[in-house]
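For reference, the chains in residue letters:
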Amino acid sequence: MNQVVVTRSTTTSRIFGVFALAVVAAFAVFPMWGSDSVQRKLIELFVLIALSQMWNLLAGFAGVVSVGQQAFVGLGAYGMIIWVNNNHLNLYVSIILAAVLAAVISIPMGLVAFRLRGSYFAIGTWVLAEVVSLLMKNNTSVGGGSGASIKVAGTSPASRLDMTYWFAFAIGVGAIVLSYLVLRSRLGLRLQATRDNESGARSLGVNSYLAQFGIWVIAAFVTAAAGATFYLTNLRVQPTSSFSVAQWTAPIIFIVVIGGIGTIEGPIIGALLYYWCRDRFVDQLTWYQITLGVVAIVVALWGQQGLWGFVRHRFGIDLFPVRRRLVTPADTPK
Amino acid sequence: VSWVNAIVQGVLLGGLYALFATGLSLGFGVMRLVNLAHGDLSILAAFGSFAITRWLGWNALVSLVIIIPGAFVVGFVLQRVMFDRVVGVDPAFAIVATFGLAVVIQNGLYEKYTADTRLLKVGKLGTDSITITKELSIGTLPLITFLIGVAVLGALALFLNRTMLGRAFRATSDDPETAKLMGIDNRKVYGVALGIAFATVALAGVLLGVRTQFDPFAGPARLIYAFEAVIIGGLGSLWGTLAGGVILGVAQATGRRISPGWGELAGHVVFLGVLATRPTGLFGKSVPR
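In order, the protein sequences belong to chains A and B.
For the first sequence, my numbering gives the first residue as 1, with consecutive numbering after it.
For the second sequence, my numbering gives the first residue as 335, with consecutive numbering after it.
Next up, chain B with everything else stripped away, as it sits in the complex (with noise of 0.2 Å):
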């Protein structure tokens, strides 16, 4: 039962992976542009978390409505000031951009915050759990953590797939200069697509911060997972993507449950062994370029 738990606890945590992971694709499939301080982000919005809940008193899931908002408007300027210039250009300079920013933000919280660990505090909900069985009971923040994963997977999906936006956005990705043509504003269409990658992982940085300690050097793994869950569901593909955070979320619980320090290397055996056999991933339809 206690494997069952494991596995249990995995996918729970795989939802989360999912919604780190859609920012990092949509990034790279509007503009090519992969942001390597994409887990620092979601470290910072978690400590945005902790000062406003230490400042107003406020619970940690509240303070997302000043977090959300926040992260999509820094994601969309962040974009328009900076990133616009490094789109269609040799990947290096924006690798280099966005390692930048990472290292800016690890040592500005760093200087902040110090290297103490922090967990975000949501009161009584944070021990609350749903007892299933004698043995297997599944603890209702992540449960509700998993379930505003995939509600925003879902949102994500009808969004590009149902509204003239969302097209824009496939066509921009498909032939930006055709889709410029057409009359679609490709700086706007990019600006956007960053403020929404900004917005989802902010939101996961804080669920995973009522879940889990962070400190500001926590980033660079979530950029990891991120990465390993688009590459381990296959790009194009959200419901994919959020296969691919289940498979990592339950790759790295049973390691974990086999021996202690296995469970990240479990997760990174599974990502390797799909790039090596599979690289379009798992449920992908392009190869990733």
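So that you can see chain A by itself, here it is in the shape it has in the complex (with noise of 0.2 Å):
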């Protein structure tokens, strides 16, 4: 056989998968032999996962930076609070359509956005989330300045509890898989070809602009869908911290480059990092941003690759496989 092969998945990315399923299927029962405090911190660490694999999606693979997703995750809160206060639908159905909803706003959204490039993109997507905050403060329907509460009358806190956990646990999930199989696809090609060389990709007829505006409504969908997810668990909707940079997207950038930007692992491991770190300085929150901030600098600056783009370097591994390779008869063992 002396053939040479292009080939992506690795030993290690196979014995990963194995080792990978039997987690995520430990996890999806979780319910059943965990305690209600862990599946509560769950529920967070699988919503924070789905954000950044979504924003790493943007930033790290189709090369535009939004530092307005805090407009999907209010959106997929208000959505809540148009679905079930307003409309009387199930909590669960509502949270899909809290996701639709915000794909569709999405639509206008990047029509405006995508008329700037690299860092006015970055603060336009800021503005029009301003413009979207402001709209609920001013919109009664929805509670005005003050906001509103998701009316979960008639529905058992132990089951809402357990059903939220399996939410979000599908879309923290869900978004790896997702950003996964996307990456494998024509359109994940397209996007990083895209980032790599724009005028390269587009004299080879890669349609850019619909590569990224897809991946634009694609994240859309998913941060609002986990953000509704999230408002189950603490049931107060406001304009304000519903529509926070602070609060969503500062934690979401730095995820994914302390973790590793434009690599799936990165993000998990980030997110991972970030709740931990958090949960033990839960009493100096000030100081562990003002060191979060510090970090993302230096890491920005100075180790781009972040701590998976690290040990990817250094060590060789790829646990979720989206670069091809070439496999010679000389690598392949006797």
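Rather than coming from a laboratory, the hints here were simulated on the basis of the structure.
All values derive from a computational prediction rather than experimental measurement.
It is possible that some hints are incorrect.
[To be verified] Restraint ranges, calculated between C-beta atoms of paired labels, are given here:
id: 1; chain 1: A; residue 1: Arg-184; chain 2: B; residue 2: Phe-493; range: 47 to 55 Å
id: 2; chain 1: B; residue 1: Ala-555; chain 2: A; residue 2: Lys-41; range: 44 to 52 Å
id: 3; chain 1: B; residue 1: Thr-448; chain 2: A; residue 2: Ala-158; range: 39 to 47 Å
id: 4; chain 1: A; residue 1: Val-282; chain 2: B; residue 2: Thr-611; range: 43 to 51 Å
id: 5; chain 1: A; residue 1: Leu-21; chain 2: B; residue 2: Val-407; range: 50 to 58 Å
id: 6; chain 1: A; residue 1: Ser-185; chain 2: B; residue 2: Ala-555; range: 35 to 43 Å
id: 7; chain 1: B; residue 1: Arg-419; chain 2: A; residue 2: Thr-328; range: 33 to 41 Å
id: 8; chain 1: B; residue 1: Thr-611; chain 2: A; residue 2: Val-327; range: 50 to 58 Å
id: 9; chain 1: B; residue 1: Ala-555; chain 2: A; residue 2: Asn-139; range: 18 to 26 Å
id: 10; chain 1: A; residue 1: Val-327; chain 2: B; residue 2: Ala-555; range: 40 to 48 Å
id: 11; chain 1: A; residue 1: Arg-280; chain 2: B; residue 2: Arg-496; range: 37 to 45 Å
id: 12; chain 1: A; residue 1: Thr-286; chain 2: B; residue 2: Thr-451; range: 44 to 52 Å
id: 13; chain 1: B; residue 1: Arg-612; chain 2: A; residue 2: Val-5; range: 49 to 57 Å
id: 14; chain 1: B; residue 1: Gly-457; chain 2: A; residue 2: Lys-41; range: 50 to 58 Å
[As the list claims (entries may be wrong)] Far from chain B, by Cβ distances over 10 Å, these chain A residues were calculated:
id: 15; residue: Leu-21
id: 16; residue: Leu-97
id: 17; residue: Arg-186
id: 18; residue: Tyr-275
Built from N, CA and C at the ideal position, the CB exists for glycine as well.
Fit the two chains together into the complex; they arrive one by one in their own frames, and the hints show the way.
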């Protein structure tokens, strides 16, 4: 056999795949064996993972950096107010509908934002998030400036916690799987080609605009689903905190950059680290924020590959291989 | 007449927005670097002035003799040690680094000064006004801040168009590689550019700090106004930026006149309208890249 083969999976990734399936299965049935307080923590962790994966798809693979993801978290939260409180729909159907609503609204937002490039796109998305927040603040049917609480009367807290957990679990794991599938698809190839060299990609017939726009809408959908799920544990939806950059987009950016931008493993590691540290330093949140800011600056300037990028570079490990590699006969064990 | 009043106030505020915007567009024009901590730096300068006035008992406007050179030096040094590393690479890293800086400044100020709102003291000047007609009077302070803003923009325009260093700025902005071949020290140009950007935004921060209250988390809104003024006016045009700032100020003032909750929103709507219909801005020369 003297053929050169193009492959993506590695022995490590196959072993990891089996291991990952076992972990996922254990978490899937967590409400049956774990405690409620840990379950609550896991909900937030899964939400963070989903939000970070989506930002990473945008910034790390599609090459569009958004500082306006809080718009979609907030729209997810307000979607719950609109569907549950104002239209009396089922809580869990409303999560899906809230995500659909956010995805629909993301289209006109994207049409405006995509007129800007690079850094100006980033601030443009921030302005759009402000606009959405102000519109909610001035709208009395969703509670105006003081916001509203999601009406959960008639559902038992215990079953609600379990259902919320499963939704968060599905969205978190779903976001990872989605990233993986998108990146292995033709769309992923187009995105990465555009990120690496936009004019080169375009000259080969890639519709960069459409590819990036597609990811923008997908990210809006998942981000809003995660936001809606998070607010099922919190219930109180407010225009300032639900649309807060500091509360949502700042942690997302720190998680992805510290974990390793442009890798699927990075946001997972970053989210675990972020959550674990925040739990420990909950009494000194201001100092925690300052430290995170400093670490993000250092990583962005001096260690751009992040934690996972370092591991991959040092040990050559790919758990979610999305890059194509050549296997020459010399590499194949006899 | 109250409408005329609102518009006049909007114009005066717009001059300050233009001053905020200048530093932002300078950094972008020369280094393709957008500083997400731009607004927070203006707040940092205002708190710096607050500390000086409290410590030495100076008038806030006098504190500018320390604040402006200080900001220039900080900008120059930050560019040399930090931001030089992300010039010309994937903008994601510049965005993250400056975003990190913004978070550090906000939380640092919060730790030191709490979330209380502050106002810089300028003595009797703060309440003086010039009466034009019976109903319309202009505050002396807003007028002075507006005139300072316009004067600085004018000086910058002269600097960019008439001096050797200004020419180096424009050359580096157009084509950094060729500029380097012509003997221009790009790193020095970048350092001076961020220094000027910091100095102007510090000035703007103190001038706004004597007019309206501020707290450690007021920075992002200012970044957004500066950005909107740049986009409305159009990239690459200093007087366009002044027009953009004034248009934004007037939009906010008239919006607020209609309903207190609509001021900011009216500004955003004008911005989105311009972006949707004329992405190069009203007076822009080039497409934003």
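Checklist entry - Looking back at the numbered hints, which does the structure fail to meet, lowest number first? => result Hint check: 2, 10, 11, 12 fail, others pass.
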